[in-house]
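2 protein chains.
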Amino acid sequence: MIERLCIVGVGLIGGSLARAARRAGLCRRVVGVDADAANLQRAQALGVVDRGCADVAEGAKDADVVLIAVPVQATEAVLAALKPVWNSRAVYTDAGSTKVNVLEAAERVFGSLPANFVPGHPIAGAERSGVDASHADLFRHKRVILTPAAETAPAAVQRVAELWRGAGAEVSEMEPLRHDQVLAATSHLPHVAAFALVDMLGREDETEAIFRYAAGGFRDFTRIASSDAAMWRDICLANREPILQRIEGLRDELGQVAALIASGDGDALLQLFQRAKAARQRFLDLYENNHHAQ
Amino acid sequence: MIERLCIVGVGLIGGSLARAARRAGLCRRVVGVDADAANLQRAQALGVVDRGCADVAEGAKDADVVLIAVPVQATEAVLAALKPVWNSRAVYTDAGSTKVNVLEAAERVFGSLPANFVPGHPIAGAERSGVDASHADLFRHKRVILTPAAETAPAAVQRVAELWRGAGAEVSEMEPLRHDQVLAATSHLPHVAAFALVDMLGREDETEAIFRYAAGGFRDFTRIASSDAAMWRDICLANREPILQRIEGLRDELGQVAALIASGDGDALLQLFQRAKAARQRFLDLYENNHHAQ
Chain A
1 MIERLCIVGV GLIGGSLARA ARRAGLCRRV VGVDADAANL QRAQALGVVD RGCADVAEGA
61 KDADVVLIAV PVQATEAVLA ALKPVWNSRA VYTDAGSTKV NVLEAAERVF GSLPANFVPG
121 HPIAGAERSG VDASHADLFR HKRVILTPAA ETAPAAVQRV AELWRGAGAE VSEMEPLRHD
181 QVLAATSHLP HVAAFALVDM LGREDETEAI FRYAAGGFRD FTRIASSDAA MWRDICLANR
241 EPILQRIEGL RDELGQVAAL IASGDGDALL QLFQRAKAAR QRFLDLYENN HHAQ
Chain B
1 MIERLCIVGV GLIGGSLARA ARRAGLCRRV VGVDADAANL QRAQALGVVD RGCADVAEGA
61 KDADVVLIAV PVQATEAVLA ALKPVWNSRA VYTDAGSTKV NVLEAAERVF GSLPANFVPG
121 HPIAGAERSG VDASHADLFR HKRVILTPAA ETAPAAVQRV AELWRGAGAE VSEMEPLRHD
181 QVLAATSHLP HVAAFALVDM LGREDETEAI FRYAAGGFRD FTRIASSDAA MWRDICLANR
241 EPILQRIEGL RDELGQVAAL IASGDGDALL QLFQRAKAAR QRFLDLYENN HHAQ
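Residue numbers (the working numbering), protein chains in the order written: chain A, 1 to 294; chain B, 1 to 294.
No lab work stands behind these hints, which were simulated from the structure alone.
Fair warning: there could be bad hints in the mix.
[What the hints assert, rightly or not] Selected chain B positions facing chain A (Cβ under 10 Å, derived; list incomplete): (1) V171; (2) S172; (3) R178; (4) H179; (5) L189; (6) H191; (7) A196; (8) E253; (9) L254; (10) Q256; (11) R275; (12) D285.
[To be verified] Using C-beta positions, here's what the derived DEER-type ranges look like: (13) B:E175 with A:E170: 51 to 57 Å; (14) A:K83 with B:N290: 42 to 48 Å; (15) B:E175 with A:Q41: 53 to 59 Å; (16) B:R128 with A:E208: 28 to 34 Å.
C-beta: ideal position from N, C-alpha, C; glycine also.
Start from the sequences and build out the full structure, keeping to the hints where you can.
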């Protein structure tokens, strides 16, 4: 049982974990820290947190588990604010979408990685954000990746894993760099591609005339282009190299498809599309297997 | 009232139009033509067509409206098969995803464009295909673009438009080349990009490990990569130049995003992502306005 859970950043992720932890009876009290006073008030009014607090150190002081759920570029400032009240008996974790940069930030702040800091990433985004979008079921059947380092205490990893499992998530561990590479492929690249395609079409004079004839396929393909722009700027800057490699790979692949179209090589095009379709089916099988209980 | 509606190609599109026309009381008899005997039998068993027929000329002989709903590369062969029984009192239309190549095919077959041939495109794809996936509501609130030429008889256009409107669609007219350019932007490019991205990830050694951590955003972004591979090969070859231009445009845009990430230009990245998000909202407003009755 967590006596006092502190959530720094009571948005979609932080708010949803607070709701889930409370519902599962995993914690007695939830303290929410947020720089946005209106958001904090809203979180209290919704019953997501018991107490709101504008100051990180004050809110986290007596907590036994602290979740940092802020935009990934803000993590270092939060760690620095936590440093004066850092408690060796407490456990700290984060929910940032990139992990190498979070480990680097912790090393910069503390000199070396604290044994009770467990970097993590719940893979449960949504276009909507803010505490109003939060709900206790957000993490059900979702994956949470923890990226402990050699210095991280196994007991701390265990405690954080239990919290996420209690919220319904499936927890696994991964090397931080590996995490960033995998997410660059399956999340960051698709987001960049969707933003790029919609921006390209949206900048044209006749955008409305074009969009008027777009259908359900376009709607789904571009759904992630409605994601939070500032969050994705941060992710792109935080995970620069893996994302750049993936963008280059996609540009190459598009060039190959273009070459096949230009030369009229129908057989090779068919093979490529069939291969893609089969690969997506492999993804769907894994995805639906993981979500079978929903 | 159509006495005899002939559907050449009783798949998702042809089967759905037959069902819709029948339900709306727009036609007395539906004759289905399909090279696939099993599919034709299935269409009869489902009551989608009254009579099945393997031969195009025989099936279309006494029809007053003929819909060609075959893969776009097969249209020319169907037109050639129709030529001997081409009836000046009947109206002919097609449902191909590209239109310039269909007009060119008709000109090759007939020497000039028949006044009673109205090229058309119902924008109502789906990953599923075949008569089993067909349903009478497929075209409700969907757009159908007709691309008549100067030679096309207005009465023929009118008749085809009424058929689609009777099936619940919103019908508009467009220049054939313009159609192909608009669809290259909103449909063909997203399909190529989704196929390319999934193929790129699917060819790697560790595909399963990567796919395992992909989430709902990836599922939606890649949904169209589950589309029929042969159909998309045909579309790419039929609409070569507009698609190649769009692929090049996307590669350029991805290059620009990569340059912003590489140089760490967060402000410009934020602007681009915000612009894309706003553009998608403009699309959504148009899309939802069109689908408000659903």
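For each hint, the structure was consulted:
Taking 10 Å as the C-beta contact cut-off toward chain A, the hint placing V171 (chain B) at the interface is violated, the least distance being around 12 Å. Because the beta carbon of S172 (chain B) sits about 8 Å from the nearest beta carbon in chain A, less than 10 Å, this interface hint is met. A least Cβ separation of about 9 Å between R178 (chain B) and chain A falls short of the 10 Å threshold, and the interface hint therefore holds. For H179 (chain B), the shortest C-beta to C-beta distance to chain A is roughly 8 Å, which falls under 10 Å, so the interface hint holds.
Given the 10 Å rule on beta carbons, the hint for L189 (chain B) holds: about 7 Å separates it from the nearest Cβ of chain A. Annotation: interface hint on H191 (chain B) holds; nearest CB of chain A at approximately 7 Å, less than 10 Å. At its closest, the beta carbon of A196 (chain B) sits 4 Å from a beta carbon of chain A; the interface hint therefore holds under the 10 Å criterion. With a least beta-carbon distance of about 4 Å to chain A, the hint placing E253 (chain B) at the interface is held under the 10 Å criterion.
With a least beta-carbon distance of about 5 Å to chain A, the hint placing L254 (chain B) at the interface is held under the 10 Å criterion. Residue-level restraint check for Q256 (chain B) holds (minimum Cβ-Cβ distance to chain A is 8 Å; threshold 10 Å). Here the hint on R275 (chain B) is kept, as its CB sits about 5 Å from the closest CB of chain A, short of 10 Å. Taking 10 Å as the C-beta contact cut-off toward chain A, the hint placing D285 (chain B) at the interface holds, the least distance being around 9 Å.
Checking the proposed 51 to 57 Å range against E175 (chain B) and E170 (chain A) shows it holds: the Cβ atoms sit about 52 Å from each other. About 54 Å separates the C-beta atoms of K83 (chain A) and N290 (chain B), a value inconsistent with the hinted range of 42 to 48 Å. About 56 Å separates the C-beta atoms of E175 (chain B) and Q41 (chain A), a value consistent with the hinted range of 53 to 59 Å. At roughly 30 Å, the beta carbons of R128 (chain B) and E208 (chain A) sit within the given window of 28 to 34 Å.
The structure shown violates the earlier hints numbered 1, 14.
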